[in-house]
Amino acid sequence: MTRIFGLGAMLLGAPGLGQQATSGAELRQADVALRGAVVKAVRPPLESVYEALLDTVRFRQVALAPNGKRVAWVESGSEPGSRNGGGVIQVLDLSEPGAKPVHVTVCLGHSACNESSLTWDSDGRRLAFLSDAGLGGTAQLYVVDVVSNGPARKLTSFTTAVSAPRWAPDGDSVAVLVMQGDGAEHAKGPTGPASRETGVVQESHPVRRVAVVDADGDGHRFVSPEHLFVYEFSWSPDSETLAITAAPPPGDANWWVAKLHAVDVESGRARLLHAPKWALAEPTWSPDGKHVAFIEGLMSDQGVHGGDVHVVPAAGGKARNVTPGMKATATSLDWVAPGRLVFGAQVQGESALGAVDPVKGGVTMLWKGPEHISAGGSVGASLSRDGELSAVLRESFTRAPDVWVGPVGAWKPVTRHNAEVKLPVGAVRSVTWKSDGLEMQGWLMAPPTPPVGSARAPMVTSIHGGPAAGVLPAFHPQALLLTSQGYYVFLPNARGSFGQGADFVQANRRDFGYGDLRDVMAGVDAVLASEPVDPTRLGITGWSYGGYMTMWAVTQTQRFRAAVAGAGVSNWQSYYGTNRIDTWMLPYFGASVYDEPDVYSRSSPINFVKLVRTPTLLLHGERDVEVPASQSYEFFKALKALGQKTQLVIYADEGHGLRKLEHQWDRSKRLVEWFDTHLPPPNLPAPRVTTPLR
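Here the sequence shown is numbered in my numbering, starting from 1 and rising by one per residue.
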């Protein structure tokens, strides 16, 4: 059934997907609006929009077989009970015209199965993946022969977390990352809820190692050193060596100082290949096994990769930047031929696929577009061995995701789960402007029914996290909730963002809040100069670094009349000593807080809190280790003491992101209600009262 979110469909269509039936008066009013009369817009019920957005099918990964004959993907939301988490694996034979996807699973009879992390062998016949077998415990490694359609075989029984399976090119084994040591069973990663520490603190830390698992089920052995926490790895073409990015534990804290090593699989001996100046990611072997490529750059978040492409000899030697001066940010890598490195990239707010000759240099953009493409993470694609065929997850602000396969830029859909979904958003356009002589870019999402005549609508500026990240046109439920309720949403890519090269990413070092806020405000002015936005009804929001920027903005300007700060930093000095990932701060601030406290103090919102006049809602996960909840408590206590309108909500047992559905809904509802209350459009009824979180 077609799922439509637009104003007319929400009001005039039959109730469904959580929609509430509408009254005859509402129907008549909507009909008049659709005929072009100047009337007040009727907003669809927020919960109905939320439920419909939640019912879209999500995709976690797509993996193309090296020979290009089969494609597999992980989807959720296509089966009852699979809205939150979970994963269903589908495999499609591309060589058979009219073939239907086949469900691959070890969880027959279990509706709450969680399966993920797909990897093909070199023949494209066997698929390895992780599954919890519907038991809800630690996921284990399984292998299935998709040609014989036999049952999946279980290869591991680890008691701690397993991740990132990768087939050896010779097909004899699969390597995985396995947590070991004290506390390994509780490790959730930097964004997960922290385990509680009592007794003697930080005496030991778990280590994540590479285990090589025999594909025939004859056991496993650990091959990476016991003293290194491994973040990423890749196999050499001869299956004899692993390239790893690794650092001494604690693993959550030291990703930013990881180095590139080569590990001999037989002996386990490791040798250093490259000690980077900045963070590194995406180790990738050349087809002849003589070089390793990687991405190096200033990165603020583990797993959010971005930088220039570098190459280092596998036998040892100096690394070279093969994309110097590139006005883009590389995010993923595939070495498909001796002279052809293909990379995913962000280019001024758009996704791209590029190629570079690692010897001769010279970047060629193969494709670029206003959408988000990936294989399940950073911008990029899952490529066939020769790079001629690719599989991607495609989505944009106006299109929910689906799986597409084909030559780069000539993809055809292989799923149509969300093809007929009409998202609750109007026109979307790229906004460009100048700030301090720098070229800026952002995205503006209009409501489905824009203001008519001289009317003006409220606008919320949403600041992305990072700061080393970037807003791309993607399925953005929170922004869509706001547009569905009549708000414009502005998403700027200020200095410090990906998309315009290394210098632009580094442009806010030792200057948090100053230059980037000037960029944001200049962008707001650019929107006001061209769009029907009410300058007296501006809001601001963000999460993580975006939460910090929200706190900072309300101490620096009174142009925003309402603010919602999620997981924000209010005091960089106290943050330094209480978060568990402080290594990321040294490249940005240039020194520790103990050596140069002033550079931290000058960018701390708490030191300017007396200037706040903006009603500010603060949201935080109780067990956040990336940004401890104490940061929101500090700001909240100050605002309360100063008599400013504020509210603090702490979500029980949550980390840096909210994982529980009830908390996600509560956050969304509170965000819209806060802006409705403090930026009330003329047609809204009296403000609603937010009920306390239970």
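Quick caveat, the hints were computed from the structure, so don't treat them as lab data. Accuracy of the hints is not assured; some may be wrong.
Stated by the list, open to error - Pair by pair, the computed Cβ-Cβ distance ranges are:
1. P597 <-> P532: 16 to 22 Å
2. G339 <-> K660: 23 to 29 Å
3. G98 <-> P477: 21 to 27 Å
4. P477 <-> E197: 31 to 37 Å
5. L108 <-> A529: 57 to 63 Å
6. V147 <-> A591: 31 to 37 Å
7. P237 <-> S148: 25 to 31 Å
Claimed, not checked - Cut-off 16 Å, straight-line C-alpha distance, at most; resulting in silico cross-link-like pairs (EDC-like, lysine to aspartate or glutamate):
8. K290 <-> D214
9. K422 <-> D93
10. K412 <-> D93
Glycine included, every Cβ here is placed at the ideal spot set by N, Cα and C.
Do the hints match the structure? See the list:
| no. | hint | in the structure |
| --- | --- | --- |
| 1 | P597 <-> P532: 16 to 22 Å | violated (46 Å) |
| 2 | G339 <-> K660: 23 to 29 Å | violated (49 Å) |
| 3 | G98 <-> P477: 21 to 27 Å | violated (34 Å) |
| 4 | P477 <-> E197: 31 to 37 Å | holds (34 Å) |
| 5 | L108 <-> A529: 57 to 63 Å | holds (59 Å) |
| 6 | V147 <-> A591: 31 to 37 Å | violated (58 Å) |
| 7 | P237 <-> S148: 25 to 31 Å | holds (27 Å) |
| 8 | K290 <-> D214 | violated (26 Å) |
| 9 | K422 <-> D93 | violated (29 Å) |
| 10 | K412 <-> D93 | holds (14 Å) |
Hints 1, 2, 3, 6, 8 and 9 from the list above are not met by this structure, while the remaining hints are.
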